[in-house]
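Novice: Taken in sequence, the protein lines are chains A and B. Numbering-wise, the first sequence is residues 288 to 413 according to my numbering. Numbering-wise, the second sequence is residues 288 to 413 according to my numbering.
Hints in this document: simulated from the structure, not taken from any laboratory. Keep in mind that the hints are not guaranteed to be accurate.
Which copy is meant is left open, because identical chains are indistinguishable; a pair holds if it fits in one copy or across any two.
[To be verified] Computed cross-link-like contacts, DSS-like style, restricted to lysine-lysine with a CA-CA straight-line distance of at most 27 Å:
{"#": "1", "residue 1": "K310", "residue 2": "K413"}
{"#": "2", "residue 1": "K357", "residue 2": "K413"}
{"#": "3", "residue 1": "K344", "residue 2": "K357"}
{"#": "4", "residue 1": "K408", "residue 2": "K334"}
{"#": "5", "residue 1": "K310", "residue 2": "K357"}
{"#": "6", "residue 1": "K334", "residue 2": "K310"}
{"#": "7", "residue 1": "K344", "residue 2": "K293"}
{"#": "8", "residue 1": "K375", "residue 2": "K310"}
{"#": "9", "residue 1": "K375", "residue 2": "K344"}
{"#": "10", "residue 1": "K357", "residue 2": "K375"}
Quantities reported herein were computed from a predicted structural model and do not represent experimental measurements.
Number of protein chains: 2
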Amino acid sequence: MTNFTKISFDLTAGRTEFHNALKLTGCEVSFNNFPADAAVPFVHSHKQNEEFYVVLKGDGEIYIDGEIVKLSAGDAFKVAPQGKRCLKAGPTGMSVICVQSKEQSLDAFTADDANILQDVKSPWQK
Amino acid sequence: MTNFTKISFDLTAGRTEFHNALKLTGCEVSFNNFPADAAVPFVHSHKQNEEFYVVLKGDGEIYIDGEIVKLSAGDAFKVAPQGKRCLKAGPTGMSVICVQSKEQSLDAFTADDANILQDVKSPWQK
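Pulled out of the complex, with its shape left as it was, chain A reads as follows (with noise of 0.2 Å):
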């Protein structure tokens, strides 16, 4: 099966990177649990790279270009690559994930990149 990779991992693991163990070669994914009121201990920025980002557990907060943004679970967002960011975990913690991905570098997406192949059926087509 050269064209599927799979691990298995750890979902209340603090952080697991997707790109080196899957060889991703069009974005680089992290899945993050913070614990309780942790703060990343910097703000940074991108020189490529768009981030995107879910909250799927808890909340927290972001620090965006000098404003706070409050974060819950629910949430989605992107942070453009010169965006100057910081996160930060509420009291119960907080679970996000986040993909980087070049900015600019996708063409097409969902129907207009897929082929709905007509000739091959899966195991469950009636």
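Chain A is already provided as a structure; the job is to place chain B on it using the hints.
Specialist: Structure of chain B alone, referenced to chain A:
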């Protein structure tokens, strides 16, 4: 805050897509809650995009290039563009995040793409 865009969504919705809502430019991300035993009704591949998935809850199976692989919470996997794929949830349903990004588009990531800002401190930095 020109460098920051946020939405709130329903973590229990069937499918939430983020590209258009957040004006993502480097990837498309979707959050998918498959009902028990639900299967995608077609097999598809992609033209340019690699897909990365994380299984957050439940279990299921993926049909990939003629084979079937079992999936469960804590699995993460990559499918190359040409992979012929179809997902099916198990009896308790399955929640997955899917990231589409253009194959070979990422130049650098994390430490190699980040600028750690010495002259900007977050409100939480000592």
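Novice: Each hint needs a verdict: does it hold in this structure or not?
Specialist: Taking the hints in turn, this is what the structure says about them:
1. Taking the shortest Cα distances, K310 and K413 never come within 27 Å of each other, neither inside one copy (35 Å) nor across copies (37 Å).
2. For the identical chains of this complex, K357 and K413 are inter-copy neighbours only, at 21 Å across copies versus 47 Å inside a copy, given an alpha-carbon limit of 27 Å.
3. For the homomeric pair K344 and K357, the shortest alpha-carbon distances inside one copy (13 Å) and between copies (26 Å) are both at most 27 Å.
4. Proximity of K408 and K334 under a CA criterion of 27 Å is satisfied inter-copy only: 19 Å between copies versus 43 Å inside one chain copy.
5. In this assembly of identical chains, the alpha carbons of K310 and K357 lie at most 27 Å apart only when taken from different copies (21 Å versus 34 Å within one copy).
6. Taking CA atoms no more than 27 Å apart as the test, K334 paired with K310 passes in both settings, with 21 Å inside one copy and 19 Å between copies.
7. Taking the closest pair of Cα atoms, K344 and K293 come within 27 Å of each other both inside a single copy (24 Å) and across two copies (16 Å).
8. In this homomeric assembly, K375 and K310 come within 27 Å of each other (Cα to Cα) only across copies, at 24 Å, whereas the closest approach inside a single copy is 29 Å.
9. Taking identical chains as interchangeable, the C-alpha atoms of K375 and K344 lie at most 27 Å apart whether they share a chain (13 Å) or sit on different chains (25 Å).
10. Taking CA atoms no more than 27 Å apart as the test, K357 paired with K375 passes inside one copy only; the shortest distance there is 10 Å, against 36 Å between copies.
Comparing the model with each earlier hint shows a violation of hint 1 alone; every other hint is respected.
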